[in-house]
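Asker: Protein chains in written order, with the numbering used here: chain A, 1 to 244; chain B, 1 to 161.
Note that these hints are calculated values from the structure, not bench results.
Note that beta-carbon positions come from the ideal geometry of N, C-alpha and C, so glycine has one too.
Covered stretches of chain A, going by a simulated chain B footprint (3 or more residues, C-beta under 8 angstroms):
#, segment
1, 52-61
2, 108-116
3, 124-137
4, 172-186
In silico PhoX-like cross-links for lysine-lysine, where the CA-CA straight-line distance does not exceed 25 angstroms:
#, chain 1, residue 1, chain 2, residue 2
5, B, 134, A, 237
6, A, 206, A, 33
7, A, 170, A, 147
8, A, 109, B, 134
9, B, 82, A, 201
10, A, 201, B, 88
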Amino acid sequence: MDLNRREMLIGVGKFIILSGSARAALNGGDAQKYNMAEHWWGMTIDVSKCIGCGNCVRACAAENGVPKGYFRTWVERYQVNGGDIEHPQVDSPDGGFNGFPPRHETGAKSFFVPKLCNHCVDSPCVQSCPVGATFDSPDGVVLVDEKYCVGCRYCVMACPYGCRYLHPTKHTADKCTLCYHRITKGLTTACCEACPTGARKLADLKNPADPVHEFLRDNNVQVLKPYMATRAKVYYKDLDGAVR
Amino acid sequence: MGLAPHRPSVKRILRESEHLVRLALVAAILVVAFLVIRKAVVPAGFGRYGHYRAPSLDDVRARPISFAGHEACEACHDEQAKVKSQGKHAQVSCEACHGPLAAHAGDPFTNQAVKPDPATLCVRCHEADSAKPKSFPQVASSDHAGGVSCGACHNPHRPAM
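Please put together the full structure from these sequences, using the hints given.
Answerer: Listed below in structure tokens is the structure:
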């Protein structure tokens, strides 16, 4: 072979570029189905719209087979007496699964706060997993690999939001998947589908047409425990300072 | 000066560096053993996107769906959808009250939907509670209707009387 150094380098360059574009063309067929690179999932929650009906909790349990007494999402009722935001009274009977016993307080601030996995960008749970069984998916959802989890509970301890539990029969860590099996098929999450007031809305932060951008721009928005620097992606509108 | 350059024979080089050849062989065996064990122990797809098993994304996606979504309901029940769209419950999705019905949407004849009971359904949202937003319509069911079922006066699809 009479290849000099220059010709060989050009040849190698052509090979890399051509094989790359061939692969891109092949993948183009699948891209119409679901392309992880085009999405960045989160959720918006309007606290001023939540009525504490518990529809989201029941829907989540039905959709994901969440065992009784465990919650991937739940609702808390806050009551702040006399402006004492350091000591709010919080109740969440059965996670709000059956709604809340009616309460008629006058002179106290009271509201409902739905909670779920915050699908953090810098997730403490992912960082603490010793085997790589929990991870941030390329489209921004924190998931658990049931076949790989050894059930050590490190992630349950690490989550500052209490969003994880050890599944009582599978003995692996379990949590909100943001209904990954639904959102990757173009549906919304079960909790958002069942929410009667539209308090919770699935958000695709990479989709320029998603109303999440107006939501974040036009409202007072906060995430839970911002001082934990988890870069949570569940955005709360009108979140009171009493919420933990 | 004047001396011819000394060139040792290949044989002699091999004999003199036998210990190095042996070491290289051991190193090669170790590298091969590492690669074989790694192949056997590390699951397929591990590390494709990060420090996890890439096919587990497909495992999560493979779970079955329980809530069909209101578009699926409206495809058949267009009459109810039309009535609902004119009232205050326009933004409430069908399965918020009727429950998960993907099985019914997939095969409507073998999986019949059950009509929800208005006695428990309506109060779930509309029972008065001081924690509910003030703008949300609420009633104290005990003194609102005097025991009459909600459905006697309100059509849940279009609740205005």
